[in-house]
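Novice: Let the sequences and hints guide you as you build the complete structure.
Chains as they are written, first to last, in my numbering: chain A, 1 to 258; chain B, 1 to 342.
Hints were generated in silico from the structure; no laboratory data involved.
Backbone N, C-alpha and C define an ideal beta-carbon position, used for all residues, glycine too.
Treat the hints with caution; some may be incorrect.
[Said to hold, decoys possible] The list that follows gives simulated cross-link-like pairs (lysine to aspartate or glutamate, EDC-like), each with its CA atoms no further than 20 Å apart: (1) Lys334(B) <-> Asp31(A); (2) Lys225(A) <-> Asp105(B); (3) Lys225(A) <-> Glu226(B); (4) Lys225(A) <-> Glu106(B); (5) Lys65(B) <-> Asp105(B); (6) Lys102(B) <-> Glu226(A); (7) Lys225(A) <-> Glu38(B); (8) Lys225(A) <-> Glu327(B); (9) Lys288(B) <-> Asp193(B); (10) Lys182(B) <-> Glu38(B); (11) Lys225(A) <-> Asp318(B); (12) Lys225(A) <-> Glu328(B).
[Unchecked claim] Sample of chain A residues facing chain B (criterion: CB under 8 Å; computed from the structure): (13) Leu103; (14) Leu106; (15) Ser107; (16) Val199; (17) Asn204; (18) Leu205; (19) Arg208; (20) Leu217; (21) Asn222; (22) Glu226; (23) Ala227; (24) Ala245.
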Amino acid sequence: MGSALGLGITMIWFSLLVLIPLVAVLIAAADLGLAGFWDVVSSPQTAAALRLTVVQALGVTLLNVVMGTALAWVLVRDHFWGKRLLDVVIDVPFALPTIVAGLVLLSLYGPNSPLGVNVANTRTAVFLALAFVTLPFVVRTVQPVLETLEHDTEEAAASLGASRFTTFRRVILPSLTPAIAAGAALSFARGISEYGSLVLLSGNLPGRTEVASVRVLTYIENGSKEAAAAVAAILLLVALLVIVALDVLQRRLARRGD
Amino acid sequence: MSITWKTAAVRPLVGVVAGLVALTGCATAGGGSSKSDEVSVVGFSILKTANEQLLKDFQKTDAGKGVTFKTSYGASGDQSRAVIAGLDADEVHLSLEPDVTKLVDEKLVADDWKSGPNKGVVTQSVVAIVVRKGNPKGIKGWDDLVKPGVKIVTPNPGSSGSAKWNILAAYGHVLAQGGSEKDAQAYLSKFLDNVVALPGSGKDATTAFQGGTGDVLLSYENEAIEARQAGADFDYVIPDQTLLIQNTGAVTTDASKAAKDFLDFQLSKQGQTDYAKQGFRPLDKAVKVDIPGANNPSDPFPTPKTLLTIDKDFGGWDEANTKYFDEETGIVTKLLAESGKA
Chain A
1 MGSALGLGIT
11 MIWFSLLVLI
21 PLVAVLIAAA
31 DLGLAGFWDV
41 VSSPQTAAAL
51 RLTVVQALGV
61 TLLNVVMGTA
71 LAWVLVRDHF
81 WGKRLLDVVI
91 DVPFALPTIV
101 AGLVLLSLYG
111 PNSPLGVNVA
121 NTRTAVFLAL
131 AFVTLPFVVR
141 TVQPVLETLE
151 HDTEEAAASL
161 GASRFTTFRR
171 VILPSLTPAI
181 AAGAALSFAR
191 GISEYGSLVL
201 LSGNLPGRTE
211 VASVRVLTYI
221 ENGSKEAAAA
231 VAAILLLVAL
241 LVIVALDVLQ
251 RRLARRGD
Chain B
1 MSITWKTAAV
11 RPLVGVVAGL
21 VALTGCATAG
31 GGSSKSDEVS
41 VVGFSILKTA
51 NEQLLKDFQK
61 TDAGKGVTFK
71 TSYGASGDQS
81 RAVIAGLDAD
91 EVHLSLEPDV
101 TKLVDEKLVA
111 DDWKSGPNKG
121 VVTQSVVAIV
131 VRKGNPKGIK
141 GWDDLVKPGV
151 KIVTPNPGSS
161 GSAKWNILAA
171 YGHVLAQGGS
181 EKDAQAYLSK
191 FLDNVVALPG
201 SGKDATTAFQ
211 GGTGDVLLSY
221 ENEAIEARQA
231 GADFDYVIPD
241 QTLLIQNTGA
251 VTTDASKAAK
261 DFLDFQLSKQ
271 GQTDYAKQGF
281 RPLDKAVKVD
291 IPGANNPSDP
301 FPTPKTLLTI
311 DKDFGGWDEA
321 NTKYFDEETG
331 IVTKLLAESG
341 KA
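Specialist: Right, here's the structure in full:
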């Protein structure tokens, strides 16, 4: 009985926060009808924004899978001066209000860049902003798993003649894949919904640097909530597909390691 | 953190039903009239600074004695939607007339709100071209903006309602000089080719410009003056043909007398003087005051050769919104979408 109560409470909480709003979005989108829905999401400007958003979020997620795992590795296995500080600072991009992140990126990688790097109003700006705000996800999911990984198995593998690369690929990586996949899912989901950090640097140029969230905002501003919901529904669907794909991939990789 | 869904479909469903039942119990009581001595002012972003002084001066008058204020500022469209969704408001003061009209449609504002001599307008300004210090590109008017190599920043007319003023001013200057609609579209198309950034709001556009983006920023005279008062290092030009920006305000249907008194005060000579000090063009021509931050502080509001208005030159907001900004058929919407293909 106790578990039923627990389930009830968690489901109410989950419904209030997630399920009901999501269903409301889908219902609003359904108001358009199939033809209307298609008109919205296939209009060149919106389609371009959706494409850009998904492609950039995928790219950033791939980058995070590699760089995030590497960062976690360094933080757990290496010892160097300032490691504690780095460990703390990694969360900053996530903790900063996104508009502040946007300002920081604009002043560092905009026309007045002290580093001489100007990516303002290009697609690179979109990629950069997404990479900035999604940096911690993979690091933070992989790090604790890596910390609990026993050295014994690696030593055993080495003593059996496995090279360091083989040990990493056959022993360590399989244990890390669920964590990497979870981090990648978070990173992708955050990427496709991002708005604040990139609007100052990306320039919102239609068909070039305009992301899906700006289209949503445009539809809302012009009073067509249904069209905004249609774009949101597409983003939901894409997020769902990617999360499921990551789960399948992760299981397959984990099984191969056994 | 693993991402697996194993639970049987039925059990969560039970939870969802329970959740829905719980929800119906907490339907909110909508609307909201406030105490007679507290006035809720809902305004668009840029008013925040200007209103601070105005509220203080109002409290010094007989009508305003003992009146306290609750204020909320944000993007004009967001504010309008928030009031419809239940945000407590005794007086609304929004950038665009349609944002007030939406409230009329919801019966939150009386439909005779424009019957006064000010026709619902509380503050006004004009579209201005902001340039880098010393005007290195020598920008004097609209035609200079479409020259090769001039980089324009203007807020996104899609996501920012107030950005529509800028685009209409650019478009209307062609009509003002006797050009046809076709000429105006050709101009706007060239104009959009030179746009390097369409930030989400007027504020974001100013931030991006100050961050080094672009050679010119389309903005409003009052915002340019206010930014310069706050130390912004740029110049601005009032083009020969520009559009009169009219920000509308009204009291809500359940507003107290104090709210009505406050609206009267905003429109009074004193109220308009306070707004003028922040760069708004006074409705009352009799208001004469030095404005630091203006190009010429002692003659802060020069009369342009042609001053377009939304009612006279664009047939009012209803017509303009449909003709230029409709999601599918709007002239500006289409030109914007096309600009992306270049």
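Novice: Do the numbers back the hint for Val199(A), that is, is its least Cβ distance to chain B under 8 Å?
Specialist: holds, 5 Å
Novice: Would you check the hint for Lys65(B) and Asp105(B), treating anything up to 20 Å between C-alpha atoms as holding?
Specialist: Measuring from Cα to Cα gives roughly 33 Å; hence the hint is violated.
Novice: Using Cβ atoms only, decide whether Glu226(A) comes closer than 8 Å to chain B, and label the hint accordingly.
Specialist: violated, 11 Å
Novice: Interface hint check: Asn204(A), Cβ to nearest Cβ on chain B, cutoff 8 Å. Holds or violated?
Specialist: Result: holds, 4 Å to nearest chain B Cβ.
Novice: For the pair we were handed, Lys225(A) and Glu106(B), check the Cα-Cα distance against 20 Å.
Specialist: holds, 17 Å
Novice: Given Leu103(A) was flagged as interface, is its beta-carbon under 8 Å from a beta-carbon of chain B?
Specialist: holds, 7 Å
Novice: Tell me if Ala245(A) is really an interface residue toward chain B, meaning its C-beta lies closer than 8 Å to one of theirs.
Specialist: violated, 11 Å
Novice: Verify the proposed pairing of Lys225(A) with Glu226(B), using a straight-line Cα cut of 20 Å.
Specialist: Between Lys225(A) and Glu226(B) the Cα gap is close to 34 Å, so the pair fails against 20 Å, i.e. violated.
Novice: Measure nothing beyond the straight line between the CA atoms of Lys225(A) and Asp318(B); if it is 20 Å or shorter, mark the hint as holding.
Specialist: Status holds; Cα separation ~19 Å.
Novice: Within 20 Å, alpha carbon to alpha carbon, are Lys225(A) and Glu38(B)?
Specialist: Given pair Lys225(A), Glu38(B) is violated - Cα atoms ~33 Å apart, limit 20 Å.
Novice: For the pair we were handed, Lys225(A) and Asp105(B), check the Cα-Cα distance against 20 Å.
Specialist: holds, 17 Å
Novice: When you check the alpha-carbon spacing of Lys225(A) and Glu327(B), does it fall within 20 Å?
Specialist: Distance ~12 Å between Lys225(A) and Glu327(B) Cα, so the pair holds.
Of the numbered hints given earlier, the model fails hints 1, 3, 5, 7, 9, 10, 22, 24; all others are met.
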